[in-house]
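**Student:** The residues making up each chain are set out below.
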Amino acid sequence: AQSVTQLDSHVSVSEGTPVLLRCNYSSSYSPSLFWYVQHPNKGLQLLLKYTSAATLVKGINGFEAEFKKSETSFHLTKPSAHMSDAAEYFCVVSGRANRGSTLGRLYFGRGTQLTVWP
Amino acid sequence: DTGVSQDPRHKITKRGQNVTFRCDPISEHNRLYWYRQTLGQGPEFLTYFQNEAQLEKSRLLSDRFSAERPKGSFSTLEIQRTEQGDSAMYLCASSPTSSRGIEQYFGPGTRLTVT
Numbered sequence: 001a002q003s004v005t006q007l008d009s010h011v012s013v014s015e016g017t018p019v020l021l022r023c024n025y026s027s028s029y030s031p032s033l034f035w036y037v038q039h040p041n042k043g044l045q046l047l048l049k050y051t052s053a054a055t056l057v058k059g060i061n062g063f064e065a066e067f068k069k070s071e072t073s074f075h076l077t078k079p080s081a082h083m084s085d086a087a088e089y090f091c092v093v094s095g096r097a098n099r100g101s102t103l104g105r106l107y108f109g110r111g112t113q114l115t116v117w118p
Numbered sequence: 119d120t121g122v123s124q125d126p127r128h129k130i131t132k133r134g135q136n137v138t139f140r141c142d143p144i145s146e147h148n149r150l151y152w153y154r155q156t157l158g159q160g161p162e163f164l165t166y167f168q169n170e171a172q173l174e175k176s177r178l179l180s181d182r183f184s185a186e187r188p189k190g191s192f193s194t195l196e197i198q199r200t201e202q203g204d205s206a207m208y209l210c211a212s213s214p215t216s217s218r219g220i221e222q223y224f225g226p227g228t229r230l231t232v233t
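Top to bottom, those sequences are chains A and B. Residue numbers for the first sequence follow my numbering, beginning at 1 and rising by one. Residue numbers for the second sequence follow my numbering, beginning at 119 and rising by one.
Honestly, I wouldn't trust all of these hints.
Below, computed lysine-lysine pairings styled on DSS-like, alpha-carbon distance capped at 30 Å [to be verified]:
#1 Lys68(A) <-> Lys49(A)
#2 Lys42(A) <-> Lys175(B)
#3 Lys189(B) <-> Lys42(A)
#4 Lys58(A) <-> Lys69(A)
#5 Lys49(A) <-> Lys175(B)
#6 Lys58(A) <-> Lys68(A)
#7 Lys68(A) <-> Lys189(B)
#8 Lys189(B) <-> Lys129(B)
#9 Lys129(B) <-> Lys68(A)
The set of hints was computed from the structure by calculation and includes no laboratory data.
Bound conformation, chain A alone:
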């Protein structure tokens, strides 16, 4: 079975300081992992994805995440927070679809609300 645990429900940082959003996953096979961001009243937007290639994944807006199989982690980082980064962030693991096909449902964590102080 697949599941995701986001270790912090809220993270607050000052503008210009580093961001760390933590995620641990559980998967019965080599997973595909994603980070999505949700701004208020807007749809979910993909930040980055890991699909068994490079373990350090770079995404949009300066975010990156490192896949660590030994720790079953996929933490999201950014060197310097910006006010516009304030949003809800979701760590996501993919499941397998039925009938031998590959990508199926996504399993979302509960989300981490990022607040950025000026």
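Place chain B on chain A using the hints.
**Tutor:** Relative to chain A, chain B alone:
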């Protein structure tokens, strides 16, 4: 490519009424997904189509819920005899058929409030 669209964006209904939501996926995406998101939670999977075939349904999808994708393009999600517990954001996503790891593209959602 205009993205995934959903209609309506907001729906207020009284308990016991039926509601129907529509999702238009990105053109040529043959996979379509429905999720439900309640306050303070991440989205939860409801069901998924490949073309017109409904391939997987969550246990969350009770008998009052039905989804269709009759021509493999747009999809509808109907909730019959709505209950207050159905109040949530209903999200639609689409993706192309490809190897594993391709992301799903989400629409803006339909927010349902059952009074």
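**Student:** Hints first: check each against the structure and report whether it holds.
**Tutor:** Cross-check of the supplied hints:
With a C-alpha separation of about 14 Å, the suggested pairing of Lys68(A) with Lys49(A) holds against the 30 Å cut-off. About 26 Å separates the Cα atoms of Lys42(A) and Lys175(B), which keeps this hinted pair within 30 Å; it holds. The straight-line distance between the Cα atoms of Lys189(B) and Lys42(A) is roughly 28 Å, inside the 30 Å bound, and the hint therefore holds. Pair hint Lys58(A) plus Lys69(A) holds up; C-alpha atoms about 17 Å apart against a cutoff of 30 Å.
The suggested pairing of Lys49(A) with Lys175(B) holds, with an alpha-carbon distance near 25 Å, which does not exceed 30 Å. Between Lys58(A) and Lys68(A) the CA atoms are separated by roughly 15 Å; this keeps the pair inside 30 Å, and the hint holds. Distance hint between Lys68(A) and Lys189(B) is unfulfilled; the C-alpha atoms sit about 42 Å from each other, more than 30 Å. With a CA separation close to 25 Å, the supplied pair Lys189(B) and Lys129(B) stays within the 30 Å bound.
For the hint linking Lys129(B) to Lys68(A), the alpha-carbon distance of about 42 Å lies beyond 30 Å, and the restraint is violated.
Consistency note: the structure conflicts with the earlier hints numbered 7 and 9.
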